[in-house]
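Now for the letters of each chain:
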Amino acid sequence: MELKEQIEAAARQLGQFLRQDDYVRTYLDALKETQTDPEASALEKQMHDVYEALIARQQAEEGLDGENILPFCKIRREAQNHPLISRRNDMLRLLRPYLSQIADEISLVLGADYTKLALPQ
Amino acid sequence: MNLPLGPESSPAALKTDPVQAARHLADLLRQTPEYEAFLKALLAVDNDPTVQQLSAEIRAHKMALQWGRDPDGQHTIELTRLELELGDLPAVNEYHRAEKNVSNLFRAVDETVSVEAGVEFAVNAEHSACACGG
Chain A
983 MELKEQIEAA ARQLGQFLRQ DDYVRTYLDA LKETQTDPEA SALEKQMHDV
1033 YEALIARQQA EEGLDGENIL PFCKIRREAQ NHPLISRRND MLRLLRPYLS
1083 QIADEISLVL GADYTKLALP Q
Chain B
4 MNLPLGPESS PAALKTDPVQ AARHLADLLR QTPEYEAFLK ALLAVDNDPT
54 VQQLSAEIRA HKMALQWGRD PDGQHTIELT RLELELGDLP AVNEYHRAEK
104 NVSNLFRAVD ETVSVEAGVE FAVNAEHSAC ACGG
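First to last, the sequence lines map onto chains A and B. For what it's worth, our numbering labels the leading residue of the first sequence as 983, then goes sequentially. For what it's worth, our numbering labels the leading residue of the second sequence as 4, then goes sequentially.
Warning: the hint list may mix true and false statements.
Far from chain B by the CB rule (all over 10 Å, computed), these chain A residues [what the hints assert, rightly or not]:
| no. | residue |
| --- | --- |
| 1 | A993 |
| 2 | R994 |
| 3 | Q995 |
| 4 | Q998 |
| 5 | D1003 |
| 6 | L1010 |
| 7 | D1019 |
| 8 | K1027 |
| 9 | D1031 |
| 10 | V1032 |
| 11 | E1034 |
| 12 | R1039 |
| 13 | L1081 |
| 14 | A1085 |
| 15 | G1093 |
| 16 | Y1096 |
Computed, partial: chain B to chain A, Cβ under 10 Å [what the hints assert, rightly or not]:
| no. | residue |
| --- | --- |
| 17 | Q23 |
| 18 | H27 |
| 19 | L31 |
| 20 | L32 |
| 21 | A40 |
| 22 | F41 |
| 23 | N50 |
| 24 | D51 |
| 25 | L57 |
| 26 | S106 |
| 27 | A120 |
Subject to a maximum C-alpha distance of 25 Å in a straight line, what follows is the list of computed DSS-like cross-link-like pairs (lysine-lysine) [what the hints assert, rightly or not]:
| no. | chain 1 | residue 1 | chain 2 | residue 2 |
| --- | --- | --- | --- | --- |
| 28 | A | K986 | B | K43 |
| 29 | A | K986 | A | K1027 |
| 30 | B | K103 | A | K1098 |
| 31 | B | K103 | A | K986 |
| 32 | A | K1056 | B | K103 |
| 33 | A | K1014 | A | K1027 |
| 34 | B | K65 | A | K1098 |
Honestly, the hints are just simulated from the structure, not real lab data. Quick reminder that beta carbons are idealized off the backbone N, C-alpha and C, glycines included.
Just chain A, with the same shape it has in the complex (with noise of 0.2 Å):
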């Protein structure tokens, strides 16, 4: 097998161990019910727009100041307290430091920061 086959192989394989993994799965079921909540999905859909708006307004070059921000931040709130995104949040939380150990090894290996690597620059 080439060696870009055997790392794809390898990368997939690393990926559904992951999913195994009762961090992942219990993180995953969060999501899932944030997802299919519709008064759950509806508020970050909102929390999505106005933040997508704002940016829009900062592109456009439009001063923005506290008063502009505060419905964000106010629904910013309302997602973070209702009780589907704050578990969540929470398992995601949670599942970070697995996940950096994880990355932790690949770095060991390699010799550098996998996850420098890995990101956008």
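Once you have looked at the hints, place chain B on chain A.
Frame of chain A, contents of chain B only:
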């Protein structure tokens, strides 16, 4: 795919062990021409006396700026000049080119891992990742 077994590996462990799978993936990545070129370029930069000299001067100017010691803007001007000079060095150009190539490879690999795992891997594995969730 059958994974090659190292001294720390056992068939049972490999069935579900992400640590072993991560090590195996890293071992393969290490063998790619892109990663070999990256390491070579990194070594060349580390051993280039001009790079070291300019880097030391850049650090000194940055430190002066951090301490607010730039009343006439000379540190800022000199810092910009030195950074441009550093960026023009062949060894640094080669390093950036090699880094970009290896980064493209790693991003593609990371996307595969993330799709299979159902969660973005590198973004969430980064040590400085935002702890605010979402």
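Non-interface claim for A1085 (chain A): all C-beta distances to chain B beyond 10 Å? Violated, since 4 Å does not exceed 10 Å.
Does K43 (chain B) sit within 25 Å of K986 (chain A), going by the straight-line distance between their CA atoms? Holds, at about 20 Å.
Closest CB of chain B to the CB of D1031 (chain A) still more than 10 Å away: holds, 15 Å
Hint consistency between K103 (chain B) and K1098 (chain A) [alpha-carbon to alpha-carbon, up to 25 Å]: holds, 12 Å
Exclusion check [R994 (chain A) not at the chain B interface, CB over 10 Å]: violated, 5 Å
Check the non-interface label on Q995 (chain A): least C-beta distance to chain B beyond 10 Å or not. The assertion about Q995 (chain A) is violated, with a minimum of 5 Å to chain B.
Would the hint on A40 (chain B) stand, with a C-beta cut-off of 10 Å toward chain A? Violated, because the Cβ-Cβ distance from A40 (chain B) to chain A comes to roughly 13 Å (cut-off 10 Å).
With chain A as the partner, please determine if L32 (chain B) meets the hint condition of a C-beta pair closer than 10 Å. Holds, about 6 Å.
With d taken as the least Cβ-Cβ distance between Y1096 (chain A) and chain B, does d exceed 10 Å? About 7 Å separates Y1096 (chain A) from the closest Cβ of chain B, which leaves it inside 10 Å; violated.
So is G1093 (chain A) really clear of chain B, every C-beta pair being over 10 Å apart? violated, 8 Å
With chain A as the partner, please determine if N50 (chain B) meets the hint condition of a C-beta pair closer than 10 Å. For N50 (chain B), the interface hint is violated, since the closest Cβ of chain A sits about 16 Å away, which is over 10 Å.
So A993 (chain A) supposedly isn't at the interface. Is its beta-carbon more than 10 Å from every beta-carbon in chain B? At roughly 4 Å from the nearest Cβ of chain B, A993 (chain A) sits no farther out than 10 Å, so the non-interface label is violated.
Of the numbered hints stated above, those contradicted by the structure are hints 1, 2, 3, 4, 5, 6, 13, 14, 15, 16, 21, 23, 24, 25, 29, 32, listed in ascending order.
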